[in-house]
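Student: Work from the hints to combine the two standalone chains into their complex.
Residue-level listing of the chains:
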Amino acid sequence: MLDVKKIKADFPILKRKINGRPLVYLDSAATSQRPLSVLAAMRDFDLNHNANVHRGLHTLSEEASALYESARGTVVNFIGARADELVFVRNTTEALNLVARAWAFKNIKKDEEILLTIMEHHSNILPWMQLGLRVKFADVTEEGILDMEDFKKKLTKKTRLVAVGHMSNTTGTINPIAEIVKMAKRVKAAVVVDAAQSVPHFPVDVKALGVDFLAFSGHKMLGPMGIGGLYIKKERQEETGPFLTGGGMISEVYTDKPAVWAKGVEKWEAGTPNVSGAIGLAAAAKYLQKLGMEKIRQHERELTDYGLKQLSRVKGLRLIGPSDSRVRGGVLTFIFDKYHAHDVAQVLDSEGVAVRSGHHCTMPLHRRLGLVSTTRASLYIYNDKTDIDKLIAALDKVKEVLG
Amino acid sequence: MDLYREEILDHYKHPRNFGDLTDFEFKDSDRNSSCGDSLEMGIKVKGGKIIDIRFTGIGCAISLASASMLTEMLKGKTLVQAAKIDDAAMLKRLGIPISLTRQKCALLGVAIWQKLKPQLK
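Protein chains in written order, with our numbering: chain A, 1 to 403; chain B, 1001 to 1121.
Next up, chain B with everything else stripped away, as it sits in the complex (with noise of 0.2 angstroms):
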């Protein structure tokens, strides 16, 4: 089955960057009420670079997976790079083809980011 693809499956089952997130300064979550999906995220921003990034939450195969890849996809860069990274490079990112009903599911991340992006400095 090509939605859970090895590496999706890798990063459902080990989710990178998981965990608490008492120390982060900025927090923000999302859910898809529809699905019971449920994530939060947090992020350490020093000198316009995210130096730490951190999630946790519930979460179905793809939307835990796709939120790990996005933890990676995000940590180390400067807010300029980061602030490119939206719905479509998470899609590639995932390099599945995503059916409309998932769609929330691989995006929950994003969605996440999207409200965080404009608090960090």
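Same shape as in the complex, but just chain A (with noise of 0.2 angstroms):
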């Protein structure tokens, strides 16, 4: 297990009292909170190197765009990338749209496919079904878990595109990505991974994995709002156009003839970029870097073991997701007796405990497991066996006050 009080003594908001309680935070899955180096890296920019990138001659400028490229090798690295094949944007919803727009638009044709899995996030859905083209869902077991012979069956000659998320924001299943990579190539697919929920929580190797893209956010992994990456594989830059257009994303404009754009990534980041975004998750990444992320992950899939463990033992609470944590991530989500979500949340926050309640953005997923809305208890690094104590214990709590 990791060192979590040493960890703690890094997130000085973990130190705050909700209600007259010491904070208890169980919602890393929709934000996670952020170390002083993080912030440090971000006020160092704006205290002494904040200028424009990639335009000025002047000093500031040069630190600046010496900064901002060197984030973005320290977050290359840490998904196992190049330089050159690493996008940053806001955030994955960003970068999936960008994906939909500026590839899958002008690359499938029309009596192609988009295969997608029931579990995604609204925005691994949303942006395919926004281009009129066919989209077809594979479907879950009771568990939760992606049904894989549903999944051949509906990936096809048509499938041009397969998207799915790494892990789910909602039944922390681990999708078997390396697999459904080999057998999107056999049907000559491309894959797109929404892996907002991985990179924060385990090793997540773009090479080994063989996806053609992959997207994350930077709040989801320490670092801050308002910036994530999005990786483009080299041999699909060329066929992926232009999303935002305007300054910094192009070599020529002309006003009579078709602009050139920029070779390489800045193709798709029109616009001044996040600067002091992208340094704060450069300075996420090698925070997690040092703790290790094969640790991380062990330290959660421990926590989760007992938190399945735990929560299976109170009276009428009923638990939604894989019950072996090798492919469930940290994610406890459930439902508890006859209250509704909303309730439970409220409840659990006059005992100090945050956590999320509702749809999780997942509303398909919700329907298909017959479920309206659901509690989640989402772990990280800054989690020990006490808080899922606290949790159980603030449940009883719930009772006592709806009856």
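Note that these hints are calculated values from the structure, not bench results.
Because the structure is a prediction, the values reported are computed rather than measured.
We treat Cβ as the ideally placed atom computed from N, Cα and C, and that holds for glycine.
Computed, partial: chain B to chain A, Cβ under 7 angstroms:
(1) Y1004
(2) S1034
(3) G1036
(4) C1060
(5) A1061
Tutor: Here you go:
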């Protein structure tokens, strides 16, 4: 297990009292907290190096450009990519919309198909459905695990793209991406991975997985909000058109003939980028690397096993998602007796326990599993078994208040 | 906890005017898809007065309790009196601070009432 006591000291927010009680933060799948080193890196940029990038020749601009590119270097290293394969975006949602508009819309024909799974987050469903192309959904089992038989059946010669989440934000289900890529390659389909929940929690190597596109958000991995990454495999870059157009993404502009787009990832970074965000994201990646992604996964797996065991003992509580932590990340989702998830979350908050309630942006999955809304406790590096014990103690309070 | 004060819990556990709407002339419904709350309300009008009102559906404690309170507020009122009942009146009746995220729970009943109002005669 990680040294949680030591880690907690890096996160001042975790010392806060909520409704008079120590905060128990169990909502990292929505957004994680940020350590001091991330805040310090961003502050250093703002205080000492702030200038626009790639434009000025003055010292500050050179420094800002160097810091920005160095941040890119750190982040690509974190996911096993090359520097000319990572686009800085706002978040996973923007990244997936970029792939939909700039690649899928341009390269997929009317009679071809996009294959998703029913467990996807809305941000990995809606961008594809906006294109007017045929979208299919692979089913899940009652435990919320991808039904591979159904997936194989729906993956046909017409499939041009498979868009799949690496880890479900609702059930914690970890999908076998490498296996999916192998199958997709057989029918010559590209694969885009929504890695919002995986990159922060376990080792992700884009080359080992063999994916074409992979999207993630900074704020779920200890970084700031408003910055994320999109990996675009080199071989897919030529056929990916521009997304937003404007400054910074061109090499030549004319008024009487088409512009020439910038070579490389600048093509998808129109406008002034979020430089301090990128620097914060890189600092977050360094923090995680220092702890070790394998160790983080191990820590969360132990906590998940403990959480599943303890929660399954709570009378009237029904856990959602896989029972085997080998295919489940640190997400503990449940319905509690007759109580509405919002009421559960509200009473838990009165005890200082922060959880998420609702449909977690996976309405099709909730519908498939016959659920309306659920309560979700999600784990990260700064959580320990005590946090789970406090969650369970607070559930007693729910019964006490709501009767 | 303020939000779950006794009166609200009482309305949640024993909602007033709750049940079947089949013989109600004026009916409408609304939902908070993000919460999974879904309520329907029925009203009977005679001589310019709300002579009966009922609601049904599923929801959290706050949406059920406030809809229950709303039916009490509307029942027996003339249409002119009832027309004044709006979001502000509902929040005042609840008598507790409602956070931004819970406002749509607290005001689901009123949202249905606002849809029903122009239909009544």
